[in-house]
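Student: Okay, here's what each chain looks like letter by letter:
There are 2 protein chains.
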Amino acid sequence: KAATSSREYFLGCNSKYLTVPQNVPSLHSSRISGPLEAPSCVDTNCSSVKAMDSMSGTHFRDSNRKVDYVLVYHYRKRFTQHQPGAGSLGPMHRAASMTIASNGETKKSCLKLQRDNGQNAPQEAQVIELDPLDTLEEEKRQQREEYECNLMAAGLEIEKDNKSQGLNFVRIHATWQVLSREAELLKIKMPTKKMYKIKEEGGILKKLSEIWCKLSEPLQPQVPQEDTKMKSLSYPFSREKIYLEWARYGVFYKFQPIDLIRKYFGEKIGLYFAWLGLYTEFLIPSSVVGIIVFLYGCITIESDIPSKEMCDQHNTFTMCPLCDKFCDYWNLSSACSTARASHLFDNPATVFFSIFMALWATMFLEQWKRLQMRLSYFWDLTGLDEEEVKFQVIEQTEHIIQCFCLKASIVIKLTCMYISLQITLTFSAVFGVIVYRITTSAALSFSTNETTRSNVRVTVTATAVIINLVVILILDEIYGAVAKWLTEIEVPKTEKTFEERLILKAFLLKFVNSYAPIFYVAFFKGRFVGRPGHYVYVFEGYRMEECAPGGCLMELCIQLSIIMLGKQLIQNNLFEIGIPKLKKLIRKMKDERTEPKKMDTSQPKDPQQWDLDYTLEPFTGLTPEYMEMIIQFGFVTLFVASFPLAPLFALLNNIIEVRLDAKKFVTELRRPDTVRAKDIGIWYNILSGIGKLSVIINAFVIAVTSDFIPRLMYQYTYSQNGSMHGFINHTLSYFNVSHLKAGTQPENSPFAQNILFCRFKDYREPPWSQNQYEFSKQYWAVLSARLAFVILFQNLVMFLSILVDWMIPDIPKDISEQIKKEKSVLVDFFLKEEHEKLKLVESFITHDKRKHKSGAEDQRIRAASLSQFNQSQKGSIASFSSQHTVV
Amino acid sequence: KAATSSREYFLGCNSKYLTVPQNVPSLHSSRISGPLEAPSCVDTNCSSVKAMDSMSGTHFRDSNRKVDYVLVYHYRKRFTQHQPGAGSLGPMHRAASMTIASNGETKKSCLKLQRDNGQNAPQEAQVIELDPLDTLEEEKRQQREEYECNLMAAGLEIEKDNKSQGLNFVRIHATWQVLSREAELLKIKMPTKKMYKIKEEGGILKKLSEIWCKLSEPLQPQVPQEDTKMKSLSYPFSREKIYLEWARYGVFYKFQPIDLIRKYFGEKIGLYFAWLGLYTEFLIPSSVVGIIVFLYGCITIESDIPSKEMCDQHNTFTMCPLCDKFCDYWNLSSACSTARASHLFDNPATVFFSIFMALWATMFLEQWKRLQMRLSYFWDLTGLDEEEVKFQVIEQTEHIIQCFCLKASIVIKLTCMYISLQITLTFSAVFGVIVYRITTSAALSFSTNETTRSNVRVTVTATAVIINLVVILILDEIYGAVAKWLTEIEVPKTEKTFEERLILKAFLLKFVNSYAPIFYVAFFKGRFVGRPGHYVYVFEGYRMEECAPGGCLMELCIQLSIIMLGKQLIQNNLFEIGIPKLKKLIRKMKDERTEPKKMDTSQPKDPQQWDLDYTLEPFTGLTPEYMEMIIQFGFVTLFVASFPLAPLFALLNNIIEVRLDAKKFVTELRRPDTVRAKDIGIWYNILSGIGKLSVIINAFVIAVTSDFIPRLMYQYTYSQNGSMHGFINHTLSYFNVSHLKAGTQPENSPFAQNILFCRFKDYREPPWSQNQYEFSKQYWAVLSARLAFVILFQNLVMFLSILVDWMIPDIPKDISEQIKKEKSVLVDFFLKEEHEKLKLVESFITHDKRKHKSGAEDQRIRAASLSQFNQSQKGSIASFSSQHTVV
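The listed protein sequences correspond, in order, to chains S and R.
Residue 356 in the UniProt record's numbering is what sits at position 356 of the first sequence, and the numbering runs on without skipping anything.
Residue 318 in the UniProt record's numbering is what sits at position 318 of the second sequence, and the numbering runs on without skipping anything.
Pulled out of the complex, with its shape left as it was, chain S reads as follows (with noise of 0.2 Å):
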């Protein structure tokens, strides 16, 4: 029911989504044609609907063959350009691209052309006028005959058109044989139904449990055979409104969308959308408890001694000047909103909340693994092992490949000297920020305007993280493209290599990039500060900046909140959605404009569907994707003793974001090769490593930037009655104000006579001890103390985290019940098969006695066993094929 709600539901919007104009009709038309018509489709073999295909140009002109994948060439006088597009029209097939991608000799002639494309390009481009760049066009022409001519011999069939000039489509089908024998190679395993026809003529291919026909069927009828396209486009919709009837949607979600995703987009994307889903799914009970601990930071803030007693205009404490001259003496009551502000995230909850965050984040993983090893059982993925690996298009020669092995550690050097630079450059960025803070706040002090001087601090602070964002968004940018080209000059050898590479480049500049400032203001700010009478003073004369007298948590929370939700609302929603269609308006533009004529000549008739889809983005792979989420996931984990309120606004996101993905993926891109995918790769270490450090820096945030261990130190040790009353004048130390380095005294102090002594926030010796000034014994209790809490609590939470790992196990266990039920199944399979095989050879072998009697007898048993033979492997070719389309 749900499918069919949505279905309704995607009619409605389809048209929205549609983003070439010109060819919404036809289009539309045939998308919707397909669930309307497949009921009767599985019930006619679906020749109804594949005539009507036909017209749209999923099928060749024959109108029987589906195209699995088409290549594109730009095919001119002077520039060719062999570029193989995404856009496989037809319904999925599992095996269609890896049959290009595992034939060994036909890849690499391919590989070559291409190779050389690529180098030429540029050359050709320049100097365009020259005759040899005929024979260079004739030599290509050559190689593409000689590619199409490979992919022939690996038993594909081509379809294409002969335009002499402009974009030339390719149209490869890929045949029951080709399919089977691919298959065979790569052990995909099939369902149960098949197997006993298969496994006559097949070999290797396996048998699946009942349980997975038993658990596939339901969504077998309500699945269409042609337009899976447009299911999947069904899929952000559908899951959109489940959300508004949500108890249903952790049913939903595990069922319906993530197999269509995987049939349309593989196993890759597959995953991506499966682990988001998860990831999505796990915010939800971290926000519940994020806001139950700020609610209760709420609720106790009339409670709350220190807050009170600093907001108490009875207790007068007279603080030293926040900067030299120009700034007075004041009064910590005039800091009471911070107080209490910082109370909300300040609190014993906070404890608990890290400690729970960081056990969430370990039984994320757990349970990812789960669901991966799930999804993997029934994408019937359990059995891959290295299929991925895929040589890089980008295949050196002999000579090159030499060159660059000398090259090697002149590149590695540079890769380091060039990351080094960046991550200096991102301090530096940091720093002057810094630096920036420091000079403005001291540059307002000076204004004689009474209302600039009171809200220097919330200025400063505001326009300095919205710089710090600024920055890092302008930063990550650089770094994507940066660490993009520094993975290329290493030219790694697989796809694999080069995208963990890139990954992990990328990920450790954007994550410098992003944390850099909020490190800074968690662990290090308001720490160099000195102590009155003896500031620390950088670019000659100004004061290295404190944090406010709430503490810094609260300007760390300002901090990750604006960094956190202003780059997701920037970077992530409006660069996603804004750039690409920038960049294909570019595309489109630029494409009008170098062959204007020929389009007009060679499109009056209704465009194929390869033609729309070439007009589509290419496909540019997951990392960014992936990427956003990760930094998010940091956000969401390393700081959340400071603000418990991030996976909230994380969740708030991501909600977003699914579907943006999703409909980024329908619409705006080609239809990116299927890749299969045991696992989320680089990605599971990444996340897995952001756990981990997670478990020290919430540790070192509740014990050092956290008032939490210097109140209890306070309510256990030195409170006279176990209250926290008193606990504000013991933090603060005393200061003989005679004692201010001459010219640093307040200028203007009304009542600067009548102070003999000012309070800092500190532990130190009073003026009227032997070692004034020095760190006090209750300094080093505390300091004792907040280290002791970071051993502890970094211990239990890894031995939480381990428990948990060990009590969860990797393989779910219906999972695990279900392969081993599997494998008794096939052992009684194989017994009574072997035993009916021992028959049939008897049988064989009285038969050939009885040939020596009469000859013809035998004859007509053979014949009639042959066309049995060839029934059975007929009727499993229509079996799998009609199972194919169905499904």
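Worth double-checking, as some hints may not be accurate.
In this list, chains with the same sequence are indistinguishable; a pair is considered to hold if it fits within one copy or across any two.
[Claimed, not checked] Calculated lysine to aspartate or glutamate pairs in the EDC-like style (CA-CA distance at most 16 Å, straight line):
hint : residue 1 : residue 2
1    : Lys-583   : Asp-810
2    : Lys-777   : Glu-765
3    : Lys-590   : Glu-366
4    : Lys-777   : Asp-312
5    : Lys-496   : Glu-817
6    : Lys-325   : Glu-540
7    : Lys-839   : Glu-540
8    : Lys-496   : Glu-765
9    : Lys-777   : Glu-842
10   : Lys-741   : Asp-328
11   : Lys-761   : Glu-834
12   : Lys-140   : Glu-500
13   : Lys-849   : Glu-281
14   : Lys-484   : Glu-500
15   : Lys-496   : Asp-828
16   : Lys-369   : Glu-281
17   : Lys-741   : Asp-324
Because the hints were derived from the structure by calculation, they are not lab data.
Here the structure is a predicted model, which means the values were calculated and not measured.
Please build the complex by placing chain R on the supplied structure of chain S, with the hints as guidance.
Tutor: Coordinates of chain R only, in the frame set by chain S:
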């Protein structure tokens, strides 16, 4: 050459290890004949040796079929016991034991039979004269027959003695058909050459790359077809020899013995020996570094200022008395020797060594992962997933299972209770020893004998450690039994779960048992002493014990070395050799006592091989062997900071251990059922857990137990000139002797009158301070530094470990490349095969057409092809079996 020399060595030593004296001549000759005949055997298709072996009982009576498995039952008038014994005597067939395991139905009835026997046996023994027992006996016979029937139905061939009384042996031969079927089911990979032939009939059998063949080629000529038993026996000797020719050990080790062990004992035991080998190999560098660290301590002992200061007779530090009333004030210089000794272990190199060992542990685990991968590749286990999950022998009926489900919660409660009880027992044992020390040292100090009093510490420490050791050894045995009993009442469903639970429980108990006294010395001893004038008293007036003046590290070191060495010497070597021999003796005596007459009548002829093997001990699993090594691994890693020589002692022990284990497996135990295993299972988790624990424990040992941090702090913070001069003075606090409580002053002190202040080791405020005897600022500062060091050390080492983990790929590069190559060879092969198949089908079709013309011709062709098929099948059988007998 190594093989021949080892063989000769074996010939000399063989008789020494035969534990069944009456049969030495025949067995001896048959065993020796193997290797001597071997070279000719390879050429002449092994007929001569086969004939000879049938005499010595490794074949059926027809001298053709090999005995692959032997079942034994004890048939008596009143008392029957059906006991499937180990002892498969023929050459190792990989699938042999699994044939029984994997055939579901047959297995079940077998299990049923056994369960019934197991349950009824005790009843029988008691009420031995009752009539119903005869019917029971009859029933059992029927069950046995049914079982044998099932075995035959599964295609196995059976030969049995028809004795009416005494031991009956059922010898089983697995035919080629059964083997190949089971191989198919288990997806066992086969070497290349057989590929083509096997493919035609087998189906799923797979191909290994040429490389495998090449690698295993050097092995093949060296290995005689018969008597792998002997070869395997030769391994410990040759191994040991190679230890003396040392450099070639690594190379030799990797190739020969592990492969042979695995062939004879199966993968599981092979993995154990591989693991043990790698561990021993890894102990070499750590021993070397440990020795260097120790030597560094020896060399720098003269330049160590603190110990010099302690020994300096001019510095008169008058220390407070060590016990009340009877002890006098004493001079620190009298503890000079312990101070010097503790420098041997407590020096800066130790810190480096702990980091080294933490990384060593990580590296070891990583290398093990790689070796495991490599072995599973060479042993063709890469495709293996869940075969090792066998259902346990004790299978409950429905009713009993229900009962147990209800009981489950009770059982778990019981288990938890028992484990906590046991742990409490351990702790009370430790506490008992502490009490012993306190009281004894107090008692001894009352003594009037001057020599007794001066040796108090030495006497008490030595006796206490020995008591500890004895307690550990006794409790270890008890705990092993308790763990087993607890796991049995839990009734886990599979053998694997059973093993894992048993291991976990036993490990937990033995771990606590072995390390509790060490933990006490490392982290608790001397920390609850109190201070002069305010000591902590237990048991009416006994003061808590202090560490020696040299620091607790010295005592930890003594404790560790004695427990480790004692445990290894006594438990591992003495017990391992002695107890099995004792058991065998008892068993033999019992056997002889119960049926002394029957033996005489039925054993006049030469005993067969199975008779001899029956007298050996049954195999009880690898758990004790692993446990022993894991506990040793704990000694090596957990407290390595306090005892750098631990790896050396472990290494020495292991060199003996490898030999003992191998000897035990080969000569003293029945040949165990071969079990395939992909990894070492839960032991890996335990190892990595110990690795993680070792980081934090070493951090604490260095920070808290050793004087490393106070020294650093003194040198860089408190020292006047940056040197260590004055450190001893700095660590000693002052105490005003007049503050001693009445009655605790030294009674017979000659110089009590002259003393105003005595010193004690602690950071406390002096008597003249305001807060006298409170912890001083130094105390808190040093504590902070200690804790900071723990955090730094732990996170640094963890980070480095992760880095090492990440840098070393889990799959060795050469293996992954070989797998890739295999794959491409496979692809080529399949392509070729497909083309051939197509041709064949075409030719068949043309034949079909022609057949209408001449039936006779067709008949000829068919017969030819059939005979060809038969031939190829025979050929493959022949080549397979020859390959099996040769390898």
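Student: Hint by hint, note whether the structure agrees.
Tutor: A quick look at each hint next to the structure:
In this assembly of identical chains, the alpha carbons of Lys-583 and Asp-810 never lie at most 16 Å apart, being 43 Å within a copy and 42 Å across copies at closest. Both within a single protomer and between protomers do Lys-777 and Glu-765 lie at most 16 Å apart by alpha-carbon distance, with minima of 8 Å and 12 Å respectively. Taking CA atoms no more than 16 Å apart as the test, Lys-590 paired with Glu-366 passes in neither setting, with 48 Å inside one copy and 54 Å between copies. When the C-alpha separation of Lys-777 and Asp-312 is checked against a cutoff of 16 Å, the pair qualifies neither within a copy, at 28 Å, nor between copies, at 33 Å.
Taking identical chains as interchangeable, the C-alpha atoms of Lys-496 and Glu-817 lie at most 16 Å apart only when they sit on different chains, with a minimum of 15 Å there against 33 Å within one chain. For the identical chains of this complex, Lys-325 and Glu-540 are intra-copy neighbours only, at 15 Å inside a copy versus 66 Å across copies, given an alpha-carbon limit of 16 Å. Proximity of Lys-839 and Glu-540 under a CA criterion of 16 Å is satisfied in neither setting, with 100 Å inside one chain copy and 90 Å between copies. For the identical chains of this complex, Lys-496 and Glu-765 are neighbours neither inside a copy (60 Å) nor across copies (64 Å), given an alpha-carbon limit of 16 Å.
Within a single copy, Lys-777 and Glu-842 get their C-alpha atoms no closer than 96 Å, and across copies no closer than 96 Å, so neither meets the 16 Å cut-off. In the homo-oligomer, the alpha carbons of Lys-741 and Asp-328 lie at most 16 Å apart inside one protomer (15 Å), although the nearest pairing across protomers, at 56 Å, exceeds that limit. For the identical chains of this complex, Lys-761 and Glu-834 are neighbours neither inside a copy (85 Å) nor across copies (83 Å), given an alpha-carbon limit of 16 Å. Neither within a single protomer nor between protomers do Lys-140 and Glu-500 lie at most 16 Å apart by alpha-carbon distance, with minima of 33 Å and 63 Å respectively.
Taking identical chains as interchangeable, the C-alpha atoms of Lys-849 and Glu-281 are never at most 16 Å apart, the minima being 70 Å within one chain and 65 Å between chains. When the C-alpha separation of Lys-484 and Glu-500 is checked against a cutoff of 16 Å, the pair qualifies only within one copy, where the shortest distance is 11 Å, while the shortest distance between copies is 47 Å. With identical chains, the CA atoms of Lys-496 and Asp-828 are never at most 16 Å apart, being 40 Å at best within one copy and 23 Å at best between copies. Only within a single protomer do Lys-369 and Glu-281 lie at most 16 Å apart by alpha-carbon distance; the minimum there is 15 Å, versus 34 Å between protomers.
When the C-alpha separation of Lys-741 and Asp-324 is checked against a cutoff of 16 Å, the pair qualifies only within one copy, where the shortest distance is 10 Å, while the shortest distance between copies is 56 Å.
Of the numbered hints listed earlier, those contradicted by the structure are 1, 3, 4, 7, 8, 9, 11, 12, 13 and 15.
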